[in-house]
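*Asks:* Let the sequences and hints guide you as you build the complete structure.
Single-letter residue listing:
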Amino acid sequence: MSDAIRFVLDGQTVTVADVAPTMTLLDYLREHAGRRGTKEGCAEGDCGACTVVLGELSPDGSAVDYRAVNSCIRFLPTIDGRELVTVESLRDGDTLHPVQQAIVDAHGSQCGFCTPGFVMSLLALYLATPDAAPTRERVIAALAGNLCRCTGYRPLIDAGCRMHQYPTPARWSAADADRAERVQALLALRRDQGLSLPGFQAPRTLKQLCEALAAQPQALLLAGGTDIGLWVTKLLRDLPPMVYLGDVAELRTIDTDADGRLRIGAAVSHTDAWAAIVARYPMLDELAQRFASPPVRNAGTLCGNLANGSPIGDAMPALIALGATIELHHHSGTTRCLPLDAFYLGYQQKDLAPGEFVAAVYVPAPQPAQRIASYKLSKRIEQDISAVCVGINLTLDADAVIVDARIAFGGMAATPQRAIATEAQLIGQTLSVASFDAAAAALATDFQPLSDLRASSAYRLRAAGNLLRRFALEQTQAATPLRTHALDAGSLDAPA
Amino acid sequence: MSVIREADALPTAELAGRALRHESAHLHVTGRAQYADDIPLPAGTLHAAFGLSRVAHARIRQLDLSAVLAAPGVVAVGLPSDIPGENNYGSVVHDDPIFTDTLVQFAGQPMFAVAANTHLQARRAAVLARVDYDELPAILDVRSALAAQSFVIPSKTLRRGDPQAALVRAPRRMQGTLSIGGQDHFYLEGQIAVAIPQEDGAMLIHSSTQHPTEVQHIVAAALKLRAHDVIVQCRRMGGGFGGKESQPALIAAAAAVLARKTGRPVKLRLDRDVDMLATGKRHDMIADYDVGYDDDGRICALSVMLAARCGYSADLSGPVNDRAICHVDNAYFLEHVEIVSHRCKTHTVSNTAFRGFGGPQGMMVIEAVIDDIARRLQRDPLDVRRANFYGAAPRNITPYGQSVDGNVLDTLSERLLSSSGYRERRAAIAQWNAGSATIKRGIALTPVKFGISFNATHYNQAGALIHIYNDGTVMLNHGGTEMGQGLYTKVAQVVATELGLPLSAIRVTAADTSKVPNTSATAASSGSDLNGKAAQAAAQTLRLRLVEWAATAFDVPAGAIRFDNGVVWLGERALPFAKLVAQAYMARISLSATGYYRTPAIHWDGTALRGRPFFYYAYGAAVSEVAVDTLTGESQLQRVDILHDVGRSLNPALDIGQIEGGFLQGAGWLTTEELWWNARGELKTHAPATYKIPTAYDWPREAHVHLLQQQPNGEDTIYRSKAVGEPPLMLAMSVFHAIRDAVAACAAPGRNVPLQAPATAEAVLAAIEQLRAVETAP
Ligand SMILES: Cc1cc2nc3c(=O)[nH]c(=O)nc-3n(C[C@@H](O)[C@@H](O)[C@H](O)COP(=O)(O)OP(=O)(O)OC[C@H]3O[C@@H](n4cnc5c(N)ncnc54)[C@H](O)[C@@H]3O)c2cc1C
Ligand code: FES
Ligand code: FES
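Chains as they are written, first to last, in UniProt numbering: chain A, 1 to 496; chain B, 1 to 778.
Incorrect hints may appear among the rest.
Only pairs whose alpha carbons sit at most 35 Å apart, straight line, appear in this in silico DSBU-like list of lysine-lysine [unchecked claim]:
1. K684/B to K261/B
2. K515/B to K579/B
3. K684/B to K350/A
4. K261/B to K234/A
5. K579/B to K234/A
Pulled a few chain B residues facing chain A out of the computed Cβ check, cut under 7 Å [said to hold, decoys possible]:
6. R21
7. S24
8. A25
9. G239
10. Y585
11. S590
12. L631
13. G657
14. A689
Keep in mind that the hints were calculated from the coordinates and are not lab data. Since the model is a prediction, treat every value here as computed from it, not as a measurement. Cβ coordinates follow ideal geometry from the N, Cα and C atoms, glycine included.
*Replies:* Here it is as structure tokens:
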């Protein structure tokens, strides 16, 4: 028997049955629910016109966590058991929500097509910053997934900075979002047996997951859908039956094991995963911030990025450099662990047997003598796919001689890949610009990158070498400014 | 950072000139603003999708649609044979097929459309066509087209003086080259039309269009109807930027053909990829120049070959390139000049209007020439710019013979120089660069002088329609379209001002070919100039009628009747406007009027390229400062200072919005927005994943954006305001030149910076390495 999808919308439980499991939330809203305030600008998660807020019960069931996501690449069944908030949800007679009023007052809409999406991204930020106005940087970061072609963004950023100056609204303040009724409504939708629709299953436990996979070995594992969604909306593919990982309790956790390693489960979003990683490796903050956009990070999973294994995926270079391990489960119950770099066999080929899935990734604890960095090069700073991405992890001995080097690149080969020859050049050298410049010559042995729309082969190779130089400069000349975005616009004091 | 200061608003009680919010702002933020895709449609509406060619140039041997027709939900396909009238949507030269018949001329060209029960079904069916192509050699870029003498329309030359002799005579001479990238509009709302069959063979079209009248005519011609059989409506667009000037006719015509064939309403909404593959963009151009100059950097003679990639058809390429020619001068006097403009035919999508309409590309050429001169002379490029500014007669005549009157650039750039601290910052930057090997900074001031009016004189006309209902409310309609620029707000402000009413008394309504006929495109920045004046005329007609009647009816001198904030003063006596109107109605006074306006004083000889094509010029200037990472070529805009001339602003908030938005859009054009075709002529940057417009992060952390105060338009425009739609885009040339400035700092002075647009990280790194290679060469 097939279930119906249930979610909360404007305080009501909505039940939807008999839809294709690949129907997007956006299509549902616009074509079925008559809520056309949410717009489609790209259908690929890149413009933010379709942004909505999803409320999800915290794992312990005590609170609802509200986050912005892209409705255009989100399959409707995956919002089962969640609370959906759209721009229409903010309606309160003729009174505008502070987020809306701030945009109006800042003259933040011109054509208005992007505006509902900005409203929802700012609403998520508004709910997440109950006590004080967010900083300008935080507002900009929250808007990284929203494109506006008309305004130049200045008034929208201003609106985000000023939204806290308005009286607290009756609905959709942080206090209102915290109300027990909201938790209750979602608790009432909890299932023991996961949602089951034709072509879609959402197991709730690891055991149910294994059973589902055993019963349907050809099933497609669906995590955040930020890759898979596009197979439907852009590539127009028919999908096999899907098994959704997002509700599997055991996969939703982040733990620390006995060796101090982080274990990040397969259903953990990028947002949560990177927060945990950056807490241990602060130098990866920029990589985390520049990974996709907040709504994509809220939906997509770290393990999905690793499992998808794109040659230009951003998590792999850094995690390979850190020496991460991937944990694979078979539905029969067997488990094995692999160094992450050993997982990638060739273009779109992974060491993943039928019936196996990625259960978690282990990120080692930082060591004292390590020097670590990750750099991403793309045409645009925010929300872009890498032309080149690199993770660097050196271990130095007491004399500052490099005793171990792990340097992994994305965008340089058919898989995320270590620069073996380059690493070898560095071992035994001191950490200096000269030794890195010399080692960079070996990059041409390690890689023969492609030319494509993101960069030419020559640029990739050249820039990859220069990124190594940047690393050496940063490690040895910390006082000199080496990054454009770290500069302060006002200060033109000549570098020391 | 910048805020609308109270002082920016006019010191007047009138509504015109106030920083009022966009008329639809409350609808935008609540999601209640209706776009074409949001209009509830009759049951049975079909959804359509285009079937696109996959190759750049080929004869179609066979088009097999059996799989398309057999796909789930498919109801019909539309082919050339289903078009009863003309298979064309080109408005100037009729060379744009709606569905191409036997010849494919670019990868992404529509060959057919399919109508199905849902949008997804239509999209899935459309890709199932089996096409047997007989591939032909394709010309894919401007240089190849030049070599093959492949043109869509004949080349044009503008010549003044004796450039060749003056080049020989000049104390110094130099040649150079610049390539300037194209740009996708990336309006957030993609192209869309809905065609709804009406009784008696008529057709109603909802179109996201800047040019309803053209959609009307193209649809009528395709369906073999007459203009009065087709009604086109557009309440608002989710952005246009020129991309919805000629292109919407294609979408509407295809939808209408399917609607006629099936007898059912048809919606054709292009998904983002199809939109970007099948519709035109800004022309990319290359320029080869030869310049003669003196020791002060003053240009003695200039010869420019400017070649544009027009794509496979003419579209608006003629006027776009004419405007490019007319803006090669930008703010500078060119005594002896020759501009040869080639309109190259390539097997790529047909390029079209985009904010600035060729002007930006023309201006980029002269700015590069000036920068090159300055580098050679080791001067601050700003000094060379100012040495070449238009001045007093005889240095005030453009190459096409129009005199530059009311030039505010000297004042404006002087004010901006001091408010931005340009000189001090340039010195500080030089010092910084001397001490920083990796990060180089650069700064540049570039001016903008942009001609306002359509080059084609006959487009410079507009109509408006105003009804006053007998409860005193006003319905306003005019030929202009709202794409976010705030036109409807500004025109409502004009009408409210003329009738002495609060803005709430005025309802603005959708552009509608059945209300105001024969409209021009809302383009060339002319929207409020034209429609504001037309609406003012209609409002004045009505006011005059009311005054004449009231003078008699209430026995007061006409001169003693005033309209003020919803109240009509009859001498000392006050009557609410609604009361007065109700009485006028009872007295059988007509409460509806049309207004009409044509721009005076302009004339243009498109063959000789001489005349006064522009009613006036809009001016502005910007100072941008960037930091460049010389390891990666990444650049970042650190700060911008803008001073822009909008005459007497109709609405400072909207004008600032146009300036900021235009500036950042221009910055995107010149930095991250790269269109990339593979060797087969397939565009590979056809979605936001691959085509990168600026995000919030790209707005500079420090920005000072101001309107030039106390400079009413010298010409009699609507309340002495100036157009603001396009000119600010070109303020972004300052970003490109600041990057050039930073790149120049990577090598010894005296050399030209070989940086091409867009200045992607890769292009910047290439320029740095080229510059340094010259240095280390023996
Ligand atoms: C707008 C946008 C921007 C993006 N920007 C970036 C970026 O900057 N950098 C970057 O690297 N990526 C980027 N991505 C891609 C990134 O979001 C995905 O790679 C994401 O991490 C995939 O995770 P997911 O949970 O969404 O996977 P899904 O889409 O659900 O799945 C992806 C693939 O992995 C498989 N899979 C998922 N989980 C498992 C598992 N546990 N075991 C086995 N197989 C599994 C699925 O079957 C599928 O084949 C972007 C995507 C979008 C839409
Ligand atoms: S429609 Fe663009 S992100 Fe969803
Ligand atoms: S207001 Fe038009 S895209 Fe943002």
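*Asks:* Confirm or reject each hint.
*Replies:* Now for the hints, and whether the structure bears them out:
1. K684/B to K261/B: holds (34 Å)
2. K515/B to K579/B: holds (27 Å)
3. K684/B to K350/A: Status holds; Cα separation ~27 Å.
4. K261/B to K234/A: holds (29 Å)
5. K579/B to K234/A: violated (59 Å)
6. R21: holds (6 Å)
7. S24: Holds, about 6 Å.
8. A25: Hint on A25/B: holds, closest Cβ of chain A at ~5 Å, below 7 Å.
9. G239: Holds: closest Cβ of chain A sits about 4 Å from G239/B, inside 7 Å.
10. Y585: violated (31 Å)
11. S590: With a closest approach of 35 Å, the S590/B hint is violated.
12. L631: holds (4 Å)
13. G657: holds (6 Å)
14. A689: Hint on A689/B: holds, closest Cβ of chain A at ~5 Å, below 7 Å.
Hint check: violations occur at hints 5, 10 and 11; the rest are consistent with the structure.
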